[in-house]
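Participant: Going letter by letter, the sequence shown gives residues 1 to 205 in my numbering.
To be clear, the hints were calculated from the coordinates, so they are not data collected in a lab. Here the structure is a predicted model, which means the values were calculated and not measured. Take these hints with a grain of salt, some might be off.
Each computed DSS-like pair below joins lysine-lysine, with the alpha-carbon atoms no more than 30 Å apart [unchecked claim]:
1) Lys-127 x Lys-113
2) Lys-127 x Lys-75
3) Lys-127 x Lys-78
4) Lys-39 x Lys-160
5) Lys-78 x Lys-39
6) Lys-39 x Lys-74
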Amino acid sequence: MKQTGIKQLVFPLYWWILSWGSCPVFAQVINEVQSTQYKTLQSADRQYYDWIEIYNPTGRDIDLSGYGLSDSQKKPHKWTFPVETSIEAQGYLIVYASGLDTNINDEIHSNFKLASAGESLYLSNAKANLIDMVHIPALEAEISWQRSTDGATVWAMSHKATPGASNHPSYATTKAEAPTFSHKGGFYTSAEQLKLEITAENEVR
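Can you build the whole structure from these sequences, using the hints too?
Facilitator: As structure tokens, then:
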């Protein structure tokens, strides 16, 4: 069952919004985030913290010393990358958003956590100039918010997180809303006609 009444209007606009959801891609970018996880990526202390992946799409190494990462636009340097932190050409760097603010054996932890209900994330250079930002939606456990491909402008949800690796090509641009039923669950003594309603941009198969 499929409703297409306003789909042609909603779909292109939706993709435009997704594409606009982050700054234009320059050099290093926020590439993937996960705000709730219990098996994807284990830290050295055997915990499963929120994490942020930074990607360097260029052909040269980039020094991130003094760069800022923050969940507050007013505080671009809420947390700064440790001295001598670098990211290899076309490489990835993982930052655990654990709130611990530590750097032990090259495992970097920020001083803030990510909100599973959704928030914004900002990456700034050493002069506090904004380099990249992303609006993170509410995410369920083990779902990541990632660029559709490394460095792309379109973001999407993925049930296959790829910390420290190339983003997975299988993804969903949004989570479908639960359908609405015309009758409540239970027992009925006579025949009833059950109706199922969904939003215009969704499809039941």
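Participant: Tell me if the straight-line CA distance from Lys-127 to Lys-75 falls inside 30 Å.
Facilitator: Satisfied, since the Cα-Cα distance of roughly 12 Å is no more than 30 Å.
Participant: Regarding the pair Lys-127 and Lys-78, is the alpha-carbon distance no greater than 30 Å?
Facilitator: 13 Å, holds
Participant: Check the hint pairing Lys-39 with Lys-74 against an upper bound of 30 Å on the C-alpha distance.
Facilitator: 33 Å, violated
Participant: Does Lys-39 lie within 30 Å of Lys-78 when you go C-alpha to C-alpha?
Facilitator: Measuring from Cα to Cα gives roughly 28 Å; hence the hint holds.
Participant: Decide if the proposed pair is consistent with the structure: Lys-39 and Lys-160, CA atoms, cutoff 30 Å inclusive.
Facilitator: Distance of about 11 Å is within 30 Å: holds.
Participant: Between Lys-127 and Lys-113, does the CA-CA distance stay at or below 30 Å?
Facilitator: Distance ~23 Å between Lys-127 and Lys-113 Cα, so the pair holds.
Going through the hint list in order, the structure does not satisfy hint 6, though it satisfies all others.
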